[in-house]
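Participant: Please put together the full structure from these sequences, using the hints given.
Number of protein chains: 2
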Amino acid sequence: MKPVKVGLLGLGTVGTGVVRIVEGHQEDLQSQVGSPIVIEKILVQNKAKSRSISIDSSKLTEDPWEIISNPDIDVIVEVMGGIGSTKEYIMEALSRGKHVVTANKDLMALHGPEILAKAQEHGCDVYYEASVAGGIPIIRTLVEGFSSDRITKIMGIVNGTTNYILSKMSLEGASYDDVLKEAQELGYAESDPTSDVEGLDAARKMTILSTLGFRAKVALDDVSVQGMSKVTKDDILYAKRLGYEVKLLGIAERQDDQFSISVQPTMVKKSHPIASVNGVYNAVYVYGEAVGETMFYGPGAGELPTATSIVSDLVAVVKNLKLGVNGKQSVLTYKEKKLKSDEQISSKYFLLLHVDDRAGVLAQITQIFAEYEVSLESVLQQPNPNNPDAEIIVITHDANKAAIQKVLQKFESLDVIRKVKSVYRVEG
Amino acid sequence: MKPVKVGLLGLGTVGTGVVRIVEGHQEDLQSQVGSPIVIEKILVQNKAKSRSISIDSSKLTEDPWEIISNPDIDVIVEVMGGIGSTKEYIMEALSRGKHVVTANKDLMALHGPEILAKAQEHGCDVYYEASVAGGIPIIRTLVEGFSSDRITKIMGIVNGTTNYILSKMSLEGASYDDVLKEAQELGYAESDPTSDVEGLDAARKMTILSTLGFRAKVALDDVSVQGMSKVTKDDILYAKRLGYEVKLLGIAERQDDQFSISVQPTMVKKSHPIASVNGVYNAVYVYGEAVGETMFYGPGAGELPTATSIVSDLVAVVKNLKLGVNGKQSVLTYKEKKLKSDEQISSKYFLLLHVDDRAGVLAQITQIFAEYEVSLESVLQQPNPNNPDAEIIVITHDANKAAIQKVLQKFESLDVIRKVKSVYRVEG
Chain Y
0 MKPVKVGLLG LGTVGTGVVR IVEGHQEDLQ SQVGSPIVIE KILVQNKAKS RSISIDSSKL
60 TEDPWEIISN PDIDVIVEVM GGIGSTKEYI MEALSRGKHV VTANKDLMAL HGPEILAKAQ
120 EHGCDVYYEA SVAGGIPIIR TLVEGFSSDR ITKIMGIVNG TTNYILSKMS LEGASYDDVL
180 KEAQELGYAE SDPTSDVEGL DAARKMTILS TLGFRAKVAL DDVSVQGMSK VTKDDILYAK
240 RLGYEVKLLG IAERQDDQFS ISVQPTMVKK SHPIASVNGV YNAVYVYGEA VGETMFYGPG
300 AGELPTATSI VSDLVAVVKN LKLGVNGKQS VLTYKEKKLK SDEQISSKYF LLLHVDDRAG
360 VLAQITQIFA EYEVSLESVL QQPNPNNPDA EIIVITHDAN KAAIQKVLQK FESLDVIRKV
420 KSVYRVEG
Chain Z
0 MKPVKVGLLG LGTVGTGVVR IVEGHQEDLQ SQVGSPIVIE KILVQNKAKS RSISIDSSKL
60 TEDPWEIISN PDIDVIVEVM GGIGSTKEYI MEALSRGKHV VTANKDLMAL HGPEILAKAQ
120 EHGCDVYYEA SVAGGIPIIR TLVEGFSSDR ITKIMGIVNG TTNYILSKMS LEGASYDDVL
180 KEAQELGYAE SDPTSDVEGL DAARKMTILS TLGFRAKVAL DDVSVQGMSK VTKDDILYAK
240 RLGYEVKLLG IAERQDDQFS ISVQPTMVKK SHPIASVNGV YNAVYVYGEA VGETMFYGPG
300 AGELPTATSI VSDLVAVVKN LKLGVNGKQS VLTYKEKKLK SDEQISSKYF LLLHVDDRAG
360 VLAQITQIFA EYEVSLESVL QQPNPNNPDA EIIVITHDAN KAAIQKVLQK FESLDVIRKV
420 KSVYRVEG
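Protein chains in written order, with numbering that gives the first Met the number 0: chain Y, 0 to 427; chain Z, 0 to 427.
Keep in mind that the hints are not guaranteed to be accurate.
If several chains are the same, the list does not tell them apart, and a pair holds so long as it fits within one copy or across any two.
Listed next, the in silico EDC-like pairs over lysine to aspartate or glutamate satisfying Cα-Cα at most 20 Å (straight line) [stated by the list, open to error]:
no., residue 1, residue 2
1, K337, E26
2, K232, D176
3, K409, E342
4, K420, E288
5, K327, E197
6, K1, D221
7, K152, D27
8, K4, D177
9, K409, D191
10, K336, D27
11, K347, E372
12, K269, E171
13, K321, E26
14, K336, E26
15, K334, E26
16, K152, D341
17, K321, E184
18, K334, D27
19, K216, E26
20, K216, D27
21, K117, E87
22, K337, D27
23, K334, E22
24, K327, D27
I should point out that these hints are in silico values taken from the structure, not numbers from a laboratory.
Facilitator: As structure tokens, this is what we get:
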């Protein structure tokens with residue numbers, strides 16, 4: 000019954016949650032792993048700062064090496080975020096035989112392979128369930144639950160901030176700027192929201208999910224990224240009228256062992272289970288060749304949901320410790336990474352065009368689609384209530400990305416088209 | 000690279016799926032576990048029967064002992080169903096040191112503790128992910144994903160047949176009898192549908208889920224069961240009008256370490272994520288003290304979805320074999336089982352009453368609710384279009400089950416009430 004000693008790097012929102020759960024659920028944790036789990040030392044920026052939980056001040060330190068080089072500490076829980084020195088601390092801890100649990104998506108998306116290799120070398124565990132979709136145990140699901148299946152599609156609402164904004168725009172007909180401001184006041188969006196609204200945060204999470212789902216070393220650069228800051232309330236109105244919701248989706252697809260991974264605002268048919276995921280909630284839809292359609296839904300962030308994932312990882316590490324199998328269950332990325340070209344990436348598209356309101360315009364436009372072999376599912380022309388021009392709405396059948404890009408290029412030189420107002424990928 | 004040898008008990012729908020996945024995904028499976036997985040022998044009822052897959056006939060046997068007493072076989076995969084001799088085979092296999100993967104909910108719900116104890120005794124694994132909710136890895140989620148949390152509520156649509164029937168009744172306004180007949184023709188319902196429609200199948204699955212979620216030895220008898228064969232299309236119409244869907248829900252709740260587990264047709268608010276789970280799909284909603292609301296959605300049955308769960312379990316067993324840790328990771332049920340009395344079980348209720356259409360009736364009825372301290376959220380009285388009497392619809396606030404039963408008893412002796420048409424638990 001020797002206690003397992005944990006060093007906690009960071010005591011912000013999530014770190015506080017970790018302390019709460021380890022202390023509050025201590026009896027349950029002990030019953031499961033067979034020995035006490037003790038948070039031995041906590042790295043903070045300022046020991047003197049007042050905090051929302053009472054912590055023995057002798058446990059706090061401002062010196063990371065008091066934790067990393069402490070031979071009594073078995074496991075490091077990293078919730079300080081960032082990349083530079085955080086990576087250094089983790090690499091050092093691993094080389095000293097300490098196991099690591101981290102919630103750091105940036106680090107795992109950018110340096111995952113290097114960190115996992117170091118862990119292998121030293122027989123250490125690295126668990127990172129909390130790095131994607133907060134409280135949803137999606138990494139376990141991909142790695143263990145679907146180990147026997149071939150996953151062909153992962154679609155995720157993996158950023159709560161942008162889902163809050165888009166849901167609110169959809170439910171209330173509000174504008175992006177107004178909802179963003181409100182989200183910032185509520186603490187759902189950062190004062191600089193770039194990483195969320197431009198899709199970078201989602202891209203990091205999709206890097207992690209597609210690496211695990213496809214068993215191939217996907218890199219952040221492999222993800223094609225488009226943010227949602229240009230989505231207008233009119234776009235959402237059109238989408239709803241046609242039976243769609245606009246969601247910022249991460250989409251990873253596999254076909255014949257070739258992959259494509261992207262993040263973009265997407266029109267999702269209302270009947271699709273992911274279309275009704277609203278607010279700050281996250282959801283990951285997984286399609287497997289054998290299992291078919293599945294979806295996993297839950298809180299994407301927050302003190303306790305994220306801490307739940309971290310402490311569940313901690314339980315796994317401690318169980319491995321008892322069984323003497325740390326570092327022996329890492330996920331192998333045995334598949335060669337082959338990315339699809341734009342010619343091979345296929346999906347449906349929605350286009351909203353503002354055009355001159357005169358004879359023959361629709362013929363010219365449909366002619367260009369035909370030229371690039373893009374066939375159309377539905378076309379609607381109507382007067383634009385706010386302008387003297389007309390609106391044309393097109394939903395294509397499955398078309399390759401390169402062809403759509405060529406169509407859009409051609410549209411630029413077509414003087415009857417005043418503006419290509421919106422272009423969205425369509426799912427469901 | 001010595002191959003791991005599997006004995007398959009049963010070659011019906013799911014057994015065929017297991018063969019397909021093990022053969023079709025062999026390369027992926029080998030990459031993960033480091034050695035071939037071979038299906039060595041298959042128990043069938045009739046070797047001569049023609050089958051939808053081609054199998055070397057020397058692998059088939061009609062004698063279970065050719066598998067159970069075969070020293071070369073490492074793992075038994077049981078997909079024959081049933082309890083009597085199936086249990087005997089599994090117990091024998093365990094006592095000979097063979098690990099077991101099973102999809103048998105009846106067996107695990109009734110004899111789980113005995114089987115798991117035998118496995119412990121002989122250092123064997125028993126995995127049974129496929130026994131609940133087919134392709135959804137819900138057992139892993141409860142046991143590992145939420146190991147650090149205290150789960151307080153599990154609500155499941157865990158029977159696809161009844162969800163198909165209720166969804167169809169809701170979408171098409173059809174009657175129970177008509178949809179049941181159609182479901183039988185489509186193969187979604189058995190010719191004797193009792194076990195599904197009377198909630199017994201769901202009760203077995205809730206026994207398994209609540210044992211794992213609450214870490215206590217819940218028995219099938221602890222589940223209070225009410226079927227859905229009496230749900231009428233009118234009930235569903237009323238529910239929809241009030242913003243609810245009727246679902247056959249398994250509900251397991253924990254409060255102050257006291258449990259209640261039940262299966263019953265329930266009115267679920269449309270905004271609740273589980274309300275929009277339709278057709279043969281299953282979903283399990285899990286509420287944890289720390290994580291909050293989560294939901295896991297996917298196919299509840301079918302050849303390949305169920306086989307995915309089985310072969311993923313097989314992968315776990317083989318990984319344990321390689322690490323030498325079989326039988327060392329069983330879930331401990333360390334919590335004492337304390338069941339709530341009817342006085343302690345609380346929920347909202349919907350009641351539809353047919354009453355005499357005369358003065359003072361509503362006063363008499365509301366007086367009885369008041370007498371048993373059941374407070375009302377909403378009350379609607381309206382003429383009954385088909386009868387000379389009137390209808391009263393009541394939705395209560397949270398009320399204890401015993402009080403509602405007393406109210407209903409009192410209603411029986413009240414001559415202004417012609418009939419208590421429907422009573423439903425309400426969620427969301």
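Participant: Work down the list of hints and note, for each, if the structure agrees.
Facilitator: Going down the list of hints, with the structure as the test:
When the C-alpha separation of K337 and E26 is checked against a cutoff of 20 Å, the pair qualifies only between copies, where the shortest distance is 18 Å, while the shortest distance within a copy is 48 Å. Taking identical chains as interchangeable, the C-alpha atoms of K232 and D176 lie at most 20 Å apart only when both belong to the same chain, with a minimum of 10 Å there against 46 Å between chains. Proximity of K409 and E342 under a CA criterion of 20 Å is satisfied intra-copy only: 17 Å inside one chain copy versus 72 Å between copies. Taking the closest pair of Cα atoms, K420 and E288 never come within 20 Å of each other, the shortest separation being 37 Å inside a single copy and 46 Å across copies.
With identical chains, the CA atoms of K327 and E197 are never at most 20 Å apart, being 37 Å at best within one copy and 46 Å at best between copies. Taking the shortest alpha-carbon separations for K1 and D221, neither the intra-copy value of 45 Å nor the inter-copy value of 38 Å comes in at or below 20 Å. Within a single copy, K152 and D27 get their C-alpha atoms only as close as 36 Å, which misses the 20 Å cut-off; across copies the closest is 17 Å, which meets it. Neither within a single protomer nor between protomers do K4 and D177 lie at most 20 Å apart by alpha-carbon distance, with minima of 47 Å and 62 Å respectively.
Taking the closest pair of Cα atoms, K409 and D191 never come within 20 Å of each other, the shortest separation being 36 Å inside a single copy and 63 Å across copies. Taking CA atoms no more than 20 Å apart as the test, K336 paired with D27 passes between copies only; the shortest distance there is 15 Å, against 42 Å inside one copy. In this homomeric assembly, K347 and E372 come within 20 Å of each other (Cα to Cα) only inside a single copy, at 13 Å, whereas the closest approach across copies is 57 Å. In the homo-oligomer, the alpha carbons of K269 and E171 lie at most 20 Å apart both inside one protomer (17 Å) and across protomers (19 Å), since each shortest distance falls under that limit.
In this assembly of identical chains, the alpha carbons of K321 and E26 lie at most 20 Å apart only when taken from the same copy (18 Å versus 32 Å across copies). In the homo-oligomer, the alpha carbons of K336 and E26 lie at most 20 Å apart only across protomers (17 Å), although the nearest pairing inside one protomer, at 45 Å, exceeds that limit. Proximity of K334 and E26 under a CA criterion of 20 Å is satisfied inter-copy only: 11 Å between copies versus 42 Å inside one chain copy. Only within a single protomer do K152 and D341 lie at most 20 Å apart by alpha-carbon distance; the minimum there is 17 Å, versus 46 Å between protomers.
Taking the shortest Cα distances, K321 and E184 never come within 20 Å of each other, neither inside one copy (46 Å) nor across copies (53 Å). For the homomeric pair K334 and D27, the shortest alpha-carbon distance between copies (9 Å) is at most 20 Å, but the shortest distance inside one copy (39 Å) is not. In the homo-oligomer, the alpha carbons of K216 and E26 lie at most 20 Å apart only across protomers (18 Å), although the nearest pairing inside one protomer, at 39 Å, exceeds that limit. For the homomeric pair K216 and D27, the shortest alpha-carbon distance between copies (16 Å) is at most 20 Å, but the shortest distance inside one copy (37 Å) is not.
In this assembly of identical chains, the alpha carbons of K117 and E87 lie at most 20 Å apart only when taken from the same copy (12 Å versus 48 Å across copies). Proximity of K337 and D27 under a CA criterion of 20 Å is satisfied inter-copy only: 17 Å between copies versus 45 Å inside one chain copy. In this assembly of identical chains, K334 and E22 lie within 20 Å of each other by CA distance solely across copies; the values are 19 Å between and 41 Å within a copy. With identical chains, the CA atoms of K327 and D27 are at most 20 Å apart between copies only, with a shortest distance of 18 Å across copies and 26 Å within one.
Violated hints, listed in ascending order, are 4, 5, 6, 8, 9, 17; each of the other numbered hints is respected by the structure.
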